[in-house]
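Turn these sequences into a full structure, and let the hints guide you.
Residue numbers (our numbering), protein chains in the order written: chain V, 1 to 74; chain F, 75 to 1064; chain S, 1065 to 1267.
Derived by calculation from the structure, the hints in this document are not laboratory data. Every residue gets a Cβ at the ideal spot worked out from N, C-alpha and C, and that includes glycine. One or more of the hints may lead you astray.
Away from chain F, derived, C-beta distances all over 12 Å, residues of chain S [as the list claims (entries may be wrong)]:
(1) A1066
(2) D1073
(3) K1088
(4) M1129
(5) V1134
(6) D1141
Below, computed lysine-lysine pairings styled on DSS-like, alpha-carbon distance capped at 30 Å [claimed, not checked]:
(7) K148/F / K30/V
(8) K150/F / K30/V
(9) K56/V / K150/F
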Amino acid sequence: MRIITLVMGIAALALAGCGQQVIGPKSDQKSSVTADNNYVDQSTPWTSGDKASWEKTIKLRSQGQNDYVRSKSL
Amino acid sequence: MSIVKKSGETTRTAGGGHLVHSLKRAVASRMPTLDRRAFLRRSGIGAGAGLAASQLSLIRPAMAAEGAPTTDGKGKVEVKRTVCTHCSVGCAIDAVVENGVWTRHEPVFDSPINLGAHCAKGAAIREHGHGDHRLRYPMKLVNGKYTRLSWDVALTEITNQMKDIQKTSGPDSLFMVASSKSNNEQGYLLRKFMAFMGTNNCDHQARICHSTTVAGVANTWGYGAMTNSYNDMRNSKSAIYIGSNAAEAHPVSMLHMLAAKEAGCKMIVVDPRYTRTAAKADQYVRLRSGTDVAFLFGLCYHIFKNGWEDKAYIDDRVWGMNKVKDEVMAKWNPQNVEEVTGVPEAEMYQAAHTLAHNRPGTIVWCMGQTQHTIGNNMTRASCILQLALGNVGKEGGGANIFRGHDNVQGVTDLGPNPDSLPGYYGLAEGSWKHFCRVWNTSFDDMKARFADGMMGAKGTTVSRWIDAVLEKKENIAQANPVKGLFFWGHAPNSQTRGLDMKRAMDALDLLVVVDPYPTATAAMAAMQTEGTVNPNRAVYLLPASTQFECSGSVTASNRSLQWREKVIDPLFESLPDHVIMQAIADKMGFGDEMSKNHTMLTTKFAGKEWREPQIESILEEINKGLWTIGYTGQSPDRLKAHMRNMHLFDVRTLRARAGVDKETGYDMSGDYFGLPWPCWGNPDMKHPGSPNLYQPSRSVMDGGSPFRARFGVEKDGESLLAADGSSTPGADIQMGYPEFSHEILKKLGWWDELTPDEKVAAEGKNWKTDLSGGMVRVIMKNHGCHPYGNARARTIVWNFPDPIPVHREPLYGNRPDLIAKYPTYDDFKSHWRLPTLYKSIQDKNIADGVPAAFPLVLTSGRLVEYEGGGEETRSNKWLAELQQENFVEIHPSAAAARGLRHGETVWLSTPTGARIKLQTLVTNRVPLDTVFVPFHFSGWWQGKDIVDSYPEGTAPIVRGDAVNTATTYGYDSVTMMQESKTTVCQVAKA
Amino acid sequence: MAQMKFICDTERCIECNGCVTACKAEHDVPWGVNRRRVVTINDGEVGAEKSISVACMHCSDAPCMAVCPVQCFYRTDEGVVLHDKDVCIGCGYCSYACPFGAPQFPQSSTFGMRGKMDKCTFCAGGPEENGSQAEYEKYGRNRLSEGKLPACAEMCSTKALLGGDGDVISDIFRTRVTMRQSNGKEAGANLFGWGTAYGGKPA
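Rendered as structure tokens:
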């Protein structure tokens, strides 16, 4: 582990020296793009990539953190 | 007090203000958090060796073994709904399983009990799917090391020894330390198992938890359980916590309490320590440890003096309050109260005023009240306070006792108790006959299993098993001392007198641990000390599965039953408890008879096939037999439907709006969540459960009830039945009435409402022994009356050592002046089969100068990150990282007087001669003369790490000295509860 | 446009560490790295003790982003501040810049190398395909793309910690504050860190 770190450290410095430093993050998918797995919450589906419908789902979900909503007496 | 300088708005201040500066300092010194316990964390870093982060990616999931199922999210994903295993709140969990591997954990917002919330333990629950430190296969202690055995060999050897012990010493020489973490079906089966073993020597954690509550409260008004619920506290206008640190022991209960507080509830917290719960109080009262009776009666003094008691309520529903009032006014004036408790009159008055002017109010207590020699007095004083205020049987009122382990309520209700068959039926011959009918077995054969005269004799307790081993034979009320012992799902370090426990473990012939983890028992048994070890001793470890590897019902503190689905198959070679029980029963020769009524499955575990009594069929037998507490209506189908439809249940009332279960068509309208017991009658009578006990404002078929007629119909010329007009709505009998029997039914002319079959079953029986349920049906459905009668709560328990609760100083105290004024009991010759000492110990302590040599009061309690004995939670890396060292909280002045600084290592010593090594945590939480040590640690022995005494690879990540290695003798005068909350010690630099 | 934020209601936080272990379990965060911590002020002082849960605030003008020499940080449309571990050189500047102590490193080794910075991602993963195994291994779960909110906030024992659209959670919080004020309780209205993280008055 130490050696790997050492090598990486030197590599980073070396790269910086010759101007081939990697700058800037890779591009990332928007959060509204549905995760490609079977863990997605199916109870309030949204259109993948569609910001407005995803925001609606998220807003509804946040009410799970609001105990006042559930505790109003009948 | 706000944490940022108050201004009209939050503005960006230069440098970010006080809090941010503190954080900057924190970051600079690499502290993960700012709390004082965290300062101690760094010194335990060795514990993290082997778990250090990889340098490169930082996130590396556990490397899947070759051939292990893929868990990349693309496989088959199922959601299993279960319930947390760590406390009695009963937080629901959606366990997400992919290809049989537990990969994710989602909150169950729909649960009316926890609304998705979890504490540190619940949020870390998924570690149960890894079980890195689990006991993987059966083991035996051979030449000081644990070596692997096959199940066959282990069970054969163990049962041969059990039979041997039964033959040579008698059935009472085997003791079962059983578990409050079994589900209901396993707990019930174990009680049946012990009956077939011919002994009542079985007990579980409730003994050292709320046994004094159950005895005290049941003897006041009928049942010894939480009367209302965590949810119902949202309706409270005031709440007094005395001896409860709910913020650490029942964190999610605070969700309901803090919402109530926001709505105006006045919260009072009474505790020797300024706990995290106290930090949320409107009024905090610092109380001297062990003086609860004086405090509670001190409140009653002000209530009576100002005429704040609820006179109408007392006239209708309470017996004996006049005599209690006389005693309170005579003994507990403000001066005496202050002398004993340390609480000045102004604070007492303020608390009493708040409670009197903010009703309904609730009282919460836990170990702070229960774990004393006078625990039963304290719990009864709490009941008396609530009766005086008229708070019992009201929404927002009641006695809300928070139970401990996840199923301690259930196992107390129907499990391995030494003094009762399931359902609090007791051990009288009539009760045995009832259960032999339920179990479909011969009463005479059952009786023959017991030693002569022992069938009705209550067994000894978890808190005293060590004396049942070590005490002289002639002093024990059974044929011979205990020779063989099972630790079945119970830790050793939660009981006092660790030094004596080690001696007892070394003296046994047979010691068997049945647990998912080896537990400190394995290490304690294996470790070498100066004492001699019985050369014939055999020690076995049997791996049990956790509650996530089987299904079953569990009863939360509020008496609601929840059904757990099985999340994953048993890990390694572990077996679920009920399968192990069946296997042992089969080898002992009574397996078939014991499980006669159960559906038997053949299931594959640990590579071979085993007989498994089907869990649902066990619950169905429970439904057929437990009439006393109404465990009859909670059928598996009803419970499962509730779990599938949690969203239908209201958070404030726990009641379902209209709703039909899609899967079965069952209509949940009107049900209370989890059908909290008592849920009367057969399942098809559809009783909704009882959310709040003793609430006469509701009709009986609506969950209402009066106080139980349990103590006779009159005493000292006064009626013990409720006054006229205080019956439940719609009851055909509007005055007080006794419990029902076949004779009363006949007298009233209701007998002919029974069907012919019901008449056959009910003839000669009462409401508790009528297996048809017909009597209950007729009484409740047809006539709106309550089968257990309509009586008064009694404030004087004439059959207890102190009929009116009395304050007595603990056996080990640092106030000789008060010990002289309020001495303890005279010694008991035989209490739960053993001589039990009081006065001789207290007197000897004074004579030996104990108060001067050990001037600090030692109290112990909980941390939020760990549970119970702690081996399970300290093996969970996500929890273990948060609390790496055991510590002692000590006041700055007491620390200064001993030359101690925060973070230094000290020896804490007690009159037992034991000493334990701890880190110092200097804090104002504790008063000047009291120190606090958490009780969750084990794995060290008097300063020495005993990691090598564990089976290879199973020692918990975090280990430390157990406070109970050093704690002292002292037991409740009714239940044998241990006095762990108040003893004495000295602390010195190591 | 939803801007994701955290609020920790100090009147409800009981220092139960549920948020801490929820995060640990959800992302399998290794020993020694603490994306979320609970800070307690005036520990043990009668009448003065308060606790607050702290992780990355996902600041509007994030100092970590400003000082990073290799610019490995980026902000999503919802204001979540994330970073690319493949670009990170482990210099530690972000850790010094952050007023909340969010950036975490494993134990230092020789030459002061820290390894890749790790921090709270608002359960939004990182620059890998949403919900993929690669994203899980480097950054943890991406709950946002699964239609969920951060595990810490969703599991908080007393719903002290709120996490989600700033407008929505401010609303939830404000309702409680108003309740407390109208019932004579300490309002606990101060939103810890909002001034520092988002500038000016909170929503």
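Next item on the list: May I ask you to check that K1088/S keeps its beta-carbon over 12 Å from the closest beta-carbon of chain F?
Entry: violated, 4 Å
Check: Can we trust that V1134/S is non-interface, i.e. its beta-carbon lies farther than 12 Å from all of chain F?
Finding: Answer for V1134/S: holds, closest chain F Cβ roughly 16 Å.
Check: Are the Cα positions of K56/V and K150/F separated by 30 Å at most?
Finding: Distance ~28 Å between K56/V and K150/F Cα, so the pair holds.
Notebook entry, point to check: Does K30/V lie within 30 Å of K150/F when you go C-alpha to C-alpha?
Noted result: holds, 26 Å
Note to self: Is the claim that M1129/S lies outside the interface with chain F correct, judged by CB distances over 12 Å?
What the structure shows: Per Cβ check, M1129/S is outside 12 Å of chain F; nearest 18 Å; holds.
Checklist line | Pairwise hint evaluation, K30/V against K148/F, where the allowed Cα distance is 30 Å at most | finding: holds, 21 Å
Notebook entry, point to check: Is the nearest Cβ of chain F still more than 12 Å from the Cβ of D1141/S?
Noted result: The claim stands: D1141/S keeps its Cβ more than 12 Å from every Cβ of chain F (closest is about 24 Å).
Next item on the list: Against chain F, does D1073/S hold up as non-interface, every C-beta pair farther apart than 12 Å?
Entry: Its Cβ does come within 12 Å of chain F, the nearest being 9 Å, so this is violated.
Check: With d taken as the least Cβ-Cβ distance between A1066/S and chain F, does d exceed 12 Å?
Finding: A1066/S is indeed farther than 12 Å from all Cβ atoms of chain F, at 20 Å.
The earlier numbered hints that this structure contradicts are 2 and 3.
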